[in-house]
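Engineer: Residue numbers (my numbering): 1 to 178.
No wet-lab data here; the hints were simulated from the structure. Where hints are given, some of them may not hold.
Okay, derived cross-link-like pairs now, DSS-like style, lysine-lysine, Cα gap no bigger than 30 Å in a straight line [as the list claims (entries may be wrong)]: (1) 107 <-> 49; (2) 150 <-> 49; (3) 126 <-> 98; (4) 98 <-> 150; (5) 126 <-> 49.
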Amino acid sequence: PEALSEADRFQEQVQESDLTGREDLRGMTTVTIDGETARDFDDAVSLEKLPSGHYLLGVHIADVSHYVREDSALDRDAYERGTSVYFPDRAIPMLPPKLSSGICSLKPQQDRLVLSALMEVDGRGKVVGHRFVRGVMRSRERMTYTSVAKILMDRDPDERRRYAELVPMFELMEELCL
Numbered sequence: 001p002e003a004l005s006e007a008d009r010f011q012e013q014v015q016e017s018d019l020t021g022r023e024d025l026r027g028m029t030t031v032t033i034d035g036e037t038a039r040d041f042d043d044a045v046s047l048e049k050l051p052s053g054h055y056l057l058g059v060h061i062a063d064v065s066h067y068v069r070e071d072s073a074l075d076r077d078a079y080e081r082g083t084s085v086y087f088p089d090r091a092i093p094m095l096p097p098k099l100s101s102g103i104c105s106l107k108p109q110q111d112r113l114v115l116s117a118l119m120e121v122d123g124r125g126k127v128v129g130h131r132f133v134r135g136v137m138r139s140r141e142r143m144t145y146t147s148v149a150k151i152l153m154d155r156d157p158d159e160r161r162r163y164a165e166l167v168p169m170f171e172l173m174e175e176l177c178l
C-alpha cells in the first residue's frame, strides 16, 4: 500500500520540472521494437547517418530511477519482487502499473525520461565514440519485429507505406548490421 501511495503521487505526463539537467532527444527519430505480445515498452532505439559517414546509434532506456528513489517504498517493494513476471495471459509487474504501464512506458508520441547511450559507429561496426546522457525522448512508433521484417525482408508495400517516415531509419539499421 505504501508503494502504491508513492506511485499515485506521480503525474501521468512528464513535467517541465523533470527536464532540468536533461538533454532534449525529442528531435531524434526513435522507436520501440518488441514482439506483438510485449507488455512493457522500456527500451527504444534510434539511428542516423552523420556527415562523416559514421552512424549515431542511440539506445534509450526508461529512466525508472527518476521516479523510484533508493530506499523508498517503491524501491523496497520492487526489491522484494525482484523482477516482473510474465504469463501467457497476464503480467505481474515489478513496479505499480502507474509506473510500469504509465510514466515509465515509452509510449508513442509521449515525452518520456530516459537514460541513453549515444554511440558513434563507423562503417565497419566499430564504436569510435560514445556518451551517456539523461534525456527526454518521444518515441515515434511502437514497432514489432514482424513489421520491421516485413519492411526490410519482405519489402511489403503496405507496411512500407504505413511506416514510410521510418523506412529510411530501418534501412540504415540494415545497412549498419551488414
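Engineer: Are the hints correct? Go through all of them and say.
Structural biologist: A quick look at each hint next to the structure:
no., hint, verdict
1, 107 <-> 49, "25 Å, holds"
2, 150 <-> 49, "23 Å, holds"
3, 126 <-> 98, "39 Å, violated"
4, 98 <-> 150, "33 Å, violated"
5, 126 <-> 49, "14 Å, holds"
Hints 3, 4 from the list above are not met by this structure, while the remaining hints are.
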